[in-house]
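Engineer: Each chain is listed here by its residues.
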Amino acid sequence: MIRYVVKRFLMLIPLVLCITFVVYGLMSLAPGDPASIMLPSNAPQEQKDALNHKLGYDRPFLVKYADFVYNLVFKGDFGISYRTQQPIINEFKTRLPISITLAFTSLTLAACIGIPLGVLSAVKQYSLLDTIPSVMALTLSAVPSFWFGMMLIYFLAYKLGLFPSYGMGGIEHWVLPTLTIAVVYAAEILRYTRSSMLETIRADYVRTARAKGVAERTVIWKHAMKNGLLPVITLLGSSFGAQIGGAIVTENLYNLPGLGTLTLVSINMRDTPTVVATSVIFATLYNIILILVDLMYAFIDPRIKAKYSR
Amino acid sequence: MKKNRRQSRAIVRLKEIWRRFCKNRIALAGFIVFMCIMMVVVFADVIVPYEMTEKPSPPDRLTPPCAEHPFGTDEFGRSVFARIIHAAPNSLFIGFTVSFGSLLVGGTLGIACGYFGGRFDNLIMRFLDMISALPGSLLAIVMVAVLGPNMRNLIIALIVGHIAGFARMCRSVALSISEQEYIKAAKAGGSSDLRIIFRHAVPNAASTLIINTTMSISGVILSACSLSFIGLGVQPPKPEWGAMLNDARQYFNGSPYLMVIPGLAILITSISINMMGDGLRDALDPKLKS
Chain A
1 MIRYVVKRFL MLIPLVLCIT FVVYGLMSLA PGDPASIMLP SNAPQEQKDA LNHKLGYDRP
61 FLVKYADFVY NLVFKGDFGI SYRTQQPIIN EFKTRLPISI TLAFTSLTLA ACIGIPLGVL
121 SAVKQYSLLD TIPSVMALTL SAVPSFWFGM MLIYFLAYKL GLFPSYGMGG IEHWVLPTLT
181 IAVVYAAEIL RYTRSSMLET IRADYVRTAR AKGVAERTVI WKHAMKNGLL PVITLLGSSF
241 GAQIGGAIVT ENLYNLPGLG TLTLVSINMR DTPTVVATSV IFATLYNIIL ILVDLMYAFI
301 DPRIKAKYSR
Chain B
311 MKKNRRQSRA IVRLKEIWRR FCKNRIALAG FIVFMCIMMV VVFADVIVPY EMTEKPSPPD
371 RLTPPCAEHP FGTDEFGRSV FARIIHAAPN SLFIGFTVSF GSLLVGGTLG IACGYFGGRF
431 DNLIMRFLDM ISALPGSLLA IVMVAVLGPN MRNLIIALIV GHIAGFARMC RSVALSISEQ
491 EYIKAAKAGG SSDLRIIFRH AVPNAASTLI INTTMSISGV ILSACSLSFI GLGVQPPKPE
551 WGAMLNDARQ YFNGSPYLMV IPGLAILITS ISINMMGDGL RDALDPKLKS
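Residue numbers (the working numbering), protein chains in the order written: chain A, 1 to 310; chain B, 311 to 600.
Simulated from the structure, these hints should not be mistaken for laboratory data. Predicted model, so just to flag it, every value in this text is computed and none were measured. Just so you know, not all the hints are guaranteed correct.
Unchecked claim - If the Cβ cut is set under 8 Å, some of the chain B residues that face chain A in the computed set are:
hint, residue
1, V322
2, D439
3, V452
4, Q545
5, G573
Glycine included, C-beta positions come from ideal geometry on N, C-alpha and C.
Okay, chain A solo, but in the shape it has when bound:
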């Protein structure tokens, strides 16, 4: 078991290094240099060259890349951003908590809505309690999340004035972005839970539990849940990982200073070090979460645990 986990973590290192190479390479192919984008367009060429030189942008690709990797691996340092000319790590310190909070709160909310409704609609299959949530989930899974967010802004923020529609501040600023992400994910979680529970409640062991005279509530929420929720946990884990970096559109819509906005701005400004650094952060967090999900499987399901120890 421990061997397996250590191996998975060690595999992360070459993976992340490959990613830095691909992203760095792609960004270097992009047309335009940081100085021409940052300085006004009528700035003299010498001034642009001087700035590019100062940023270290005019060095050959391999030198720049090797320098970046050297700093990352041996000093644990992401280097200096072209755009702000500050250490990139400072930017992460304020932005990463925002992205993680947003991903965490919205997925927790989505799970709290999606899982119970999914179980309910599986248990009461073909009744109204099944049809209504299922049709809603089918509709919501086709809704573009940014449009849903715009509708929330229009009705809840603009028409009713309940919540602020942009920026940071108290809890009320989090309501709309969280809802935007949560509702769309809740629909997906509901669909997953429903189909996996439908399969589980027909399993032989569930019938045995019923035959033994176990109360229906215990059968569903204890016996069936354990197996029925396994695929949902995978979905939640990978969505959480994806959402940390994937909230680019939502953050853009609500003007939240998270990692998503940073990525978008940095790509547009040709700020290669920052783009690569965010990719490293995303890929590392995403894969650590996937490993944790696998570990959680082993704790929930003794059969899987047995497989690892072999």
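Given the structure of chain A, go ahead and fit chain B onto it with the hints provided.
Structural biologist: Coordinates of chain B only, in the frame set by chain A:
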């Protein structure tokens, strides 16, 4: 003679699938709506000429929906109705090209990996792991930014992002099929690899592939629209639903219809495809029906 019999058997099977599909009312509704959208795509120029999407008419700017402009006009006085209609071909083209393109590329890779296994399998799958280790749309966004934002590059970027998923799916399908008795029988009978793949494996994998490809179309349309929404997709003045929503953001307090209508267009398109996909899944593979 033999060929004829095989053909008629295929027709019988298709008829049976169609019958099961029609019994599912939600699926049939989705199919009808989708056919209407396809009609709009085909006859877009007949319904309203393309020039209408570009023709600015300043006195009419930001007119709410009325008899002359069914969906109102935007900030340049262009007809929103014309722009919605002429954006449909773009979105559907992206959806279909990306889904079938990544099915073709990912499917070939995945089936080859599953069938041949070994070092080839390992190499390709590790590479795909790397691509999918970048979450969400990050890779697509970087690629569009590098290649330059336009429709062709958007399609390329989205295909690259979708290959890994299709390859994994096809690989697992190929693995499960290659364990089946009839493949072993064909091998024992001396059939060549290519013959086994195309004669036996592909037809048996077809229903899974068709279902997953159909289901992915709506997801692709949604991601294409969200990339256009943040300015990294189809560029204005070309009409595109996501880009129209982005423009509408500045005018939402005075002209809410500007952001309601393109969103509804995306919603109706993708929901009809999802409904059709669900029905197709139940019709093609009754075993999967829960």
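Engineer: Does each hint hold? Answer for all of them.
Structural biologist: Now the hints, each set against the structure:
| no. | hint | verdict |
| --- | --- | --- |
| 1 | V322 | 30 Å, violated |
| 2 | D439 | 7 Å, holds |
| 3 | V452 | 5 Å, holds |
| 4 | Q545 | 14 Å, violated |
| 5 | G573 | 4 Å, holds |
Hint compliance for this structure: hints 1, 4 are not met, and every other hint is.
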